[in-house]
Amino acid sequence: MAIETELKLRLPPSKNAAFRRLMASRVDAGSPPESERLLSIYYDTPELTLAQHDMGLRLRRVGERWVQTLKLAEQAGAGLHQRPELEAVVDGPVLALDQIADRKIRRFLTQDSIAPALVPLFTTDIKRTRWVLQDKDGNLLEVCLDQGHICGQDQTLKLNEVEIELKQGKVQAVFELALALANTLPLIPDPQSKAERGYALYQGPPSLAPSKALLPTLNRKLTPDAVFRLVVQETLRHLQANVPGILDHNDMECIHQARVALRRLRSAQKAFASLAPDEAWHVITAKVQWLATLLGEVRDLDVFLEETLPGIEAAFAEDVDFAPLKAAMSKRREHFRREVHAAFASPRYATLLIHLLAWLNRPRVLSTTKSTKLNDFVHYSLAQRWRAVDHLGRDWQRLNPEQRHDLRKRAKKLRYTAEFFAPLYKRKPVQRYLAHLQALQQVLGDMNDGIAAQALLTHFVQEDQTLAAVAGRVAGWLAHASQQAELQLARALKRLERTPTFW
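Oh and the sequence shown: position 137 is 138 in this note's numbering, straight run, nothing missing.
Note that these hints are calculated values from the structure, not bench results.
Take the hints with a grain of salt, since some may be wrong.
What the hints assert, rightly or not - Here are the computed lysine to aspartate or glutamate pairs in the EDC-like style, where the Cα-Cα straight-line distance is at most 16 Å: (1) Lys-327 / Glu-340; (2) Lys-72 / Glu-35; (3) Lys-332 / Asp-301; (4) Lys-72 / Asp-136; (5) Lys-288 / Glu-340; (6) Lys-128 / Asp-147; (7) Lys-332 / Glu-298; (8) Lys-128 / Glu-86; (9) Lys-168 / Asp-103; (10) Lys-72 / Glu-197; (11) Lys-332 / Asp-465; (12) Lys-213 / Glu-197; (13) Lys-168 / Asp-136; (14) Lys-159 / Glu-143.
To be verified - What follows is a set of in silico ranges between Cβ atoms, one per label pair, in the way DEER data are often shown: (15) Pro-14 / Thr-294: 28 to 34 Å; (16) Ala-469 / Gln-193: 19 to 25 Å; (17) Arg-104 / Asp-55: 42 to 48 Å; (18) Ala-210 / His-460: 44 to 50 Å.
Glycine is no exception: its CB is placed at the ideal position from the N, C-alpha and C atoms.
Build the full structure now, drawing on both the sequences and the hints.
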């Protein structure tokens, strides 16, 4: 059974000519690209039985031939697609399930409840331009520019993407080529295959709802390094899932969740810092910090305009005109929203994703640290995070604003690390501990929102002195709220200190 390995990258149609020129510069003059039209018909039952079993079934016309392909469960994700596949040449656009080589799969598909119910769900019609490259190490790569559309349920979705498929050699060659191309053009890894987008079209308009972090599926037989990979893969999914909501309608919760994904990624790197050092993380960390800073600018303004200021406005009724302040802040928010949109379409973001995918799929070399038992590793990591919180929390009344900010960050890192390893422990003790930890984090977060709001006010008053009066009213309100939060902080710290750790 062959395994297809390919990286899918979105490319703006306006960059197609530049991409063709770039590819022409990388191949021999005697090897012009080949072009062909590919028409594919995807089949499933109306209840999507095959999709529920991680299968994809299609007929594809290639020239005068028809090829039946069955693709099985995805093995990679986040942009790199690795799936076992079974192919057979068939007579015309008619399924031939009896030609599926795997006996168990053939028996499953030819059941009376499945085979007669298989119907065309959607089609893809693309023009493919193909280049074949061989690098200095002998790795053979096929690069395709696909232009076309997906049709289903009386809807059409345009396609414009690049595929880099490994034909022979090591998977790292795929990422090396992708990085070389993405440094010039905005080639963004796409977590969805054509089939996945077709299924989404069949099921109706895609949801742009914010996506929260999910707990990884863990067991105690895994190595710390394997857990690290699963955690990083989930943070990557978490980030990518929220980008459409940001680009399509500036959803403030999507902004927040994307920022959380980056924070979880940084926390994961620190939680697993005792593993052998990895030079790749130096590049990744710098890019994560850049993107997190941009998202943070928008998030602070979102919180102030949508959550903090409305409550203050209601308290002052009509005594204060907040319109000039809101207008100035809204203008600044629009500026940073444009910066965020540009960032998600930039080579810098593209190369961040490719670096992460390359790290996730790199060959692993077993070291003494990586062979440490998972139980010991987890206990050490969580205990270290807890000691960092406890050290500052015991003396919280003497902390200056910078130290309280540090306490908030330490509590957040403890929470993320606890969530990473939560599936290894009994649910109730974990939930009880996390509930008290989240309560502490909420109080510290509210206090930090006030500090961020004060900083915003200072910035706007420096730019426009006419805002000084209204900013002073808001600052007074925030100072009062900060005093109330301090009372809650004492209670939250005490509750957490009395809660037994679950590890």
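Worksheet item: Given the hint that Lys-327 pairs with Glu-340, does the C-alpha gap stay at or below 16 Å?
Response: violated (20 Å)
Discussion item. Lys-168 and Asp-136 were given as a pair; does the straight-line alpha-carbon distance stay at or below 16 Å?
Written reply: holds (12 Å)
Worksheet item: Are Lys-72 and Glu-197 close enough, with their CA atoms no more than 16 Å apart?
Response: holds (12 Å)
Discussion item. Please verify whether Lys-128 and Asp-147 have alpha carbons no more than 16 Å apart.
Written reply: Given pair Lys-128, Asp-147 holds - Cα atoms ~6 Å apart, limit 16 Å.
Worksheet item: Holds or violated: 28 to 34 Å for the Cβ distance of Pro-14 and Thr-294?
Response: This hint holds: roughly 30 Å between Cβ atoms.
Worksheet item: Given the hinted pair Lys-288 and Glu-340, is their alpha-carbon gap at most 16 Å?
Response: holds (15 Å)
Discussion item. I want to verify a distance hint. Is the separation of the beta carbons of Ala-210 and His-460 within 44 to 50 Å?
Written reply: violated (32 Å)
Worksheet item: Okay, Arg-104 versus Asp-55 on CB: inside 42 to 48 Å?
Response: At roughly 19 Å between Cβ atoms, Asp-55 and Arg-104 fall outside 42 to 48 Å, so the hint is violated.
Worksheet item: Holds or violated: Lys-128 with Glu-86, Cα cutoff 16 Å?
Response: Given that 16 Å is the threshold and the Cα spacing comes to 22 Å, the pair is violated.
Discussion item. Next pair to validate is Lys-168 with Asp-103; report whether the Cα-Cα distance is within 16 Å.
Written reply: violated (23 Å)
Discussion item. For Lys-213 and Glu-197, compute the direct alpha-carbon distance and say whether it is at most 16 Å.
Written reply: violated (20 Å)
Item to complete: Compare the distance between the alpha carbons of Lys-332 and Asp-301 with 16 Å, and conclude whether the hinted pair is satisfied.
Response: holds (14 Å)
In terms of the numbered hints stated before, the structure departs from hints 1, 2, 4, 8, 9, 12, 14, 16, 17, 18, listed from lowest to highest.
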